[in-house]
Amino acid sequence: MSDIAIPAGGHGHQDAHGHPKHLQHHFHSSAQQFEASKMGMWLFLVTEILLFSGLFLVYFILQAKHPQAFIEAHHHLDRNLGLLNTIVLLISSFTMVMAVQSAALNRVKATLGFLYTTFTLGGVFMVVKYFEYSHKIHDGLLLGNLFSYAGAKVPGEYLFFSMYFMMTGVHGIHILAGMGVIAYLIWRTHKGDYSGEYYTPIDLTGLYWHLVDLIWIYLFPLLYLVS
Amino acid sequence: MSLEKQTMEGMRHHGEETHTHDHTKWYIGTIIALFLLTAVTVLAAGVDFGSNTTNLIIAMVIATVKASLVALFFMHLRWEKGMNAIIFLSSIFFVGVFMIFTLFDINTRAKIEAAGPSEPGAAAGYEPPPLPMYVREPQKTEGGTTETTPTPAGGETAH
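Protein chains in written order, with our numbering: chain A, 1 to 227; chain B, 228 to 386.
Hints listed in this document are in silico derivations from the structure and should not be mistaken for laboratory results. Just to be clear, a hint being listed does not mean it is correct.
Claimed, not checked - Keeping only pairs whose Cα atoms sit at most 20 Å apart, straight-line, the calculated PhoX-like set for lysine-lysine is:
#, chain 1, residue 1, chain 2, residue 2
1, A, 109, A, 38
2, A, 136, A, 153
3, A, 21, A, 38
4, A, 65, A, 153
5, A, 38, B, 308
6, B, 338, A, 65
All figures in this text were calculated on a predicted structure; none of them were measured in a lab.
Kindly produce the complete structure, drawing on both the sequences and the hints.
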């Protein structure tokens, strides 16, 4: 047999040579497990990019075919609220990356502080979105055949609002999901489950959160700054 | 080499990786750059660069610079060995294939749809059929009826 064969009782179960609690048996080391988890997260992010790319493509096609409708319709969006949300998300990405670094450096208090801040900023983003959505629902600036805004000037404005609600809606669901995961991280951090040796979930959530921020970086000019 | 020994070496290696670097300076630099580029995005939207498409391309280029900053620094690609970057860039490549091929298709359909497409440049002058103002007319409030009538041109929205 090769030297991979594990004697009865298993390696690493004696305290002197014990592997950390988080290390699963099919990995050689914490580093390998961390890298493998990270690669898995990146593969997931690839699927997310492909998911959004479909929406972006439809946007580009409709915008190219009906530029006037898009210009006219985008005036109904509040550019300042879009800018506010952009800044909120950028700051939340910064606090998220600081949370990851604090976790890596074993600074539990700082980690919690940054996670709470990130969660709150995600909440601010969604509250702003709520006000934007309710304003549009009130005016009948809705997607597809729900569009019933009486002051429509250019044919096809509903196309813009279809894209607006689909893109910001799918993105908003991602923010909500991210907030849920961050809440879970806060709970686990309070329990003391993470340390400088093991903080993989925080790191991976950080990657996800940055991707959601990255997508908003494209959504902001496409939806709010049509010119 | 025994598995146990590898495990211990791996852990030591991991320890070295995670405990050495404080990137706070890089992160602050990144967020400041992102704020500045956001300002550039807003300002660029107010300038007419010639056409709708040019403005769109400029906005997308700025957004891509911002996205690169996020990926390089916040997502740590700058400090990593290449594999995750390759995975990420491969997705961008396939998005590129997806978009460019589809746009080729969409942009050449006009040649078929337009009447007399034989001469070059016919596609450029092609006007898409007009869209309706509404997919269906807004509901009439009088009499409390909820009846809605689809506009005759409603079928145009299919493509």
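These are the hints, each one checked on the structure:
1. A:109 x A:38: The hint is violated at about 24 Å.
2. A:136 x A:153: 16 Å, holds
3. A:21 x A:38: Holds, because 19 Å separates the two Cα atoms, which is no more than 20 Å.
4. A:65 x A:153: Holds: residue 65 of chain A and residue 153 of chain A sit about 17 Å apart, inside 20 Å.
5. A:38 x B:308: 12 Å, holds
6. B:338 x A:65: The given pair, whose Cα atoms are some 14 Å apart, holds under the 20 Å limit.
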